[in-house]
Amino acid sequence: MADEQISLPSLLLIVVLGGLIVRYLFFSPAVTTTSQPRDAAAAARQRETLVERLQQMFPQVDRRTILWDLQRNGNSIAATTERILAGRMETPPVTFQPPPPPVSSTTSASSASQLQAQAARSKPAETDLITRYKLQNKVSSQSPAQVAEEQTDSKGKSWSSNREERQSALQRRRDEMIIAARRKMEAKIAAEKAAAGQS
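Take the sequence shown: its letter number 93 is residue 93 in full-length UniProt numbering, and every next letter is one higher.
Honestly, the hints are just simulated from the structure, not real lab data. Keep in mind that a hint or two might mislead.
[Claimed, not checked] Label pairs and their calculated CB-CB ranges: (1) K134 x R166: 20 to 26 Å; (2) Q171 x M57: 41 to 47 Å; (3) L129 x T81: 41 to 47 Å; (4) M185 x E52: 42 to 48 Å; (5) A42 x Q167: 57 to 63 Å.
Each residue gets a CB set at the ideal place from its N, CA and C atoms; glycine is no exception.
Make the full structure from the sequences, and use the hints.
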């Protein structure tokens with residue numbers, strides 16, 4: 001057994017196979033989930049769709065950061081998603097300047113919906129119906145007996161054929177219902193406080 005030697009052809013075969021295995025394992029291109037486009041315009045459109053898809057899933061991540069990561073990993077949306085979820089997104093260098101996003105109907109519609117959502121968030125919320133319908137003076141001036149009396153008076157009237165009268169009657173009924181609900185809620189809160197005070 002000590003006399004056994006490796007022949008030159010078998011040594012070459014081992015080296016070639018080892019080189020192929022190392023090249024396959026360490027230097028193979030990243031497998032992408034989509035087919036590679038042939039021209040630059042198609043590649044740019046494909047990258048923009050991937051960026052848009054990722055920004056829909058992760059709106060907190062900057063477009064430039066997503067483009068940088070997609071360029072580094074060969075447009076692999078799965079790898080970029082994993083990095084975002086793991087919190088390992090690297091900030092792109094200052095020299096990386098991606099092209100501006102193309103203006104299309106889908107992006108303008110999504111930006112319009114984002115602007116509407118921001119406007120809805122920035123608009124101060126109404127606190128309650130009393131403030132919304134400006135009924136503060138009616139709440140403070142009317143007693144519960146007056147509200148009940150007005151409700152019975154409005155129930156006795158018939159439906160008017162005049163549009164303005166109907167509208168004013170409906171508004172009056174709405175106001176009365178809001179004020180009555182407010183009074184019931186105040187009574188309930190007062191009863192709860194009294195019960196809590198006795199305990």
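Here is what the structure says about each hint:
Distance hint check for K134 and R166: the Cβ-Cβ separation is about 21 Å, which falls inside the suggested range of 20 to 26 Å. Here the CB-CB span from Q171 to M57 is close to 46 Å, well matched to the stated 41 to 47 Å. In this structure the hint that L129 and T81 lie 41 to 47 Å apart at CB holds, the actual value being about 44 Å. In this structure the hint that M185 and E52 lie 42 to 48 Å apart at CB holds, the actual value being about 47 Å.
Look at A42 against Q167: about 59 Å separates their beta carbons, and that is inside 57 to 63 Å.
Violation of the numbered hints given earlier is absent; every hint is satisfied by the structure.
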